[in-house]
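Novice: So the chains spell out like this:
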Amino acid sequence: MNELAIWTENLVKVYPGVRAVDGLSLNVPRGVAYGFLGRNGAGKTSTIRILLGLARATEGRGTVLGFAVGREQVAILQRTAYVSESKNLYGSLTPRELVRFTCGFYPNWSDQAVAKYSRLFEIPMDRPFAKLSQGNRTKAYLLLALSQGADLLVLDEPATGLDPVVLDEFLRILVQDVIAEGRTVFISSHQLSDVEQIADWIGLIDHGRLLLEARLDDIKNQFRFITVAGNGLPQTESPEVLLLASEGNFHKYLVKKNAEAFAAELSWQGATVAEVSPLGLREIFLALVRKEEPCTSGNVGEIAEAVSSSLS
Amino acid sequence: MYIWKCWRDSRSRFIVPVIALPALCVFFTYMEFKFAFGMIGAGPPSSVSQTWSHATSFVLGGVASLFTLLFGLVMGASGPGEEFKERTADFLLVRPRRRSYWVWTGWSVGVLELSVMAFLAVAATFGTLTYLTGHVQTWRPLATAVPLAIGGAVAYGLTYFMTVVARNGQQGLSYGFGIFFIDLLLPVAASYYRNVSLPSVLGFMLGACKWVAGASRAFPSGSLVLWTAIALALPFAAQLVLERAEV
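Taken in sequence, the protein lines are chains A and B.
So the first sequence is numbered by this note's numbering: it starts at 2 and just counts up by one.
So the second sequence is numbered by this note's numbering: it starts at 22 and just counts up by one.
Treat the hints as calculated values from the structure; they're not laboratory data.
Worth double-checking, as some hints may not be accurate.
[Stated by the list, open to error] Distance condition first, Cα-Cα at most 25 Å in a straight line; then the derived DMTMM-like pairs of lysine to aspartate or glutamate:
no. : chain 1 : residue 1 : chain 2 : residue 2
1   : B       : K26       : A       : E86
2   : A       : K117      : A       : D195
3   : A       : K117      : A       : E73
4   : B       : K55       : B       : E107
5   : A       : K132      : B       : E267
6   : A       : K132      : A       : E197
7   : A       : K132      : A       : D112
8   : A       : K117      : A       : D127
9   : A       : K253      : A       : E266
10  : B       : K106      : A       : E158
11  : B       : K26       : B       : E107
12  : B       : K26       : A       : E266
13  : A       : K132      : B       : D30
14  : A       : K117      : A       : E182
15  : A       : K132      : A       : E170
16  : A       : K117      : A       : E86
17  : A       : K221      : A       : E197
18  : B       : K26       : A       : D127
19  : B       : K26       : A       : D112
20  : A       : K132      : A       : E182
21  : A       : K132      : A       : D178
22  : B       : K106      : A       : E284
23  : B       : K106      : A       : D178
Please read all numbers here as calculations on a predicted model, not as lab measurements.
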């Protein structure tokens, strides 16, 4: 567990009438950029709030940087920087005053980082926060988070209001100044293309449940769409094979491992393989959230067994 | 850090009372002196003593106590509960401190401000009396500031607690005023209709000031313990609520 920046086991959060997080088990390695993806209301922000002590888990447990969630919260917060989804700060304070307010809480605070990022982001440091544009508010929030010298950055929709130039600069900073130093970035976002640029790992949740947790490289190298035509093809699914669509004799599968073996298996069944195509993060996201079938990297076993069982 | 922010947030609510309260004390002391006793300048020793006693009871036990309570109620509205209304709680509460830190730091700054107000009110009253009578009382001013500060801390803590409960400064202030007026009127009604004595924070402040002024022989030690305990219990209750609050 100590190699993990974030670890949760069967995390559950129930609000009146809503099961926001439903048995979530996350394994976020240290020193990586982890993209935490999901639709609106999928449970991303609820999960983050539990991890940071802003909400209590109904069930389950977890650790952040090896410290127990809920019991060792101050130790977690000393080492964690958080950019919230709302990005509200004190309206009457200027970014310079916000820096003054925040710096004393963190022993690793870097005034050099403040100088560097305020210049890079072109933040008006002496204008009250309430009078800043949405983009500048986000930049001020990011400035505070980046200057903490935190081991873990938890970013909830960090790109809100940023123009493409600043966004690009921010992503570069995350890679060069944070991840390269062995620190961890946990980024929750709808901007799949931004996440895809920097993420090493992906966690995808929907209705509070984890649909996928895997290395992005593994996803890109191994996940395939397979479109086939034929009769009597497998309709059942396995952890590695999802039947995404079926119309008449045409079937579309999402295969998570050994796609060529599965395609060969289908050919052996008499099907005509029309296409085996690689997937982008967006296509994976759309495919999985529409299926809502839970699967994790821990479930990814031998494709041959899965194919055999699904065909038998 | 947070102390600086508390001061920054509360100073606009502090500056008016810290000027107004001593000014009111000077004004009422002068009016009391001029119209109630009909004399300006030093009188015979017994009259001077009576003047000090009466002015202390009326100005500090009455006027200053009432205004300290009202100002305390208003100043308490800047408690940590206001962070929820301003939607900054998820920024503040992820700073690496226990939630009790936010409650007690904010409360301490407010009570310190109220104590300064109380001390200045007492100083203004006794300064005016010294000027008008030419007689100096050396020990009483500090002693008189204590019940004022405790009463102010009760009022402040009441709104402070209600602000955390309501997660809104204005609502907390409304609830605080409501409870304050109940505490003001209920003992009067109970005493009038049922001949029952109920504790009242204003009654405690008046009683303590009368004792300090020598107008009352019985020191209200029971009330002092009770209202000190309440003054400390309110931020503790706010802490319990805030520790269980979800953002």
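Novice: Hint compliance check: list the failing hint numbers for this structure, sorted ascending.
Specialist: 3, 4, 5, 6, 12, 20, 21, 22, 23
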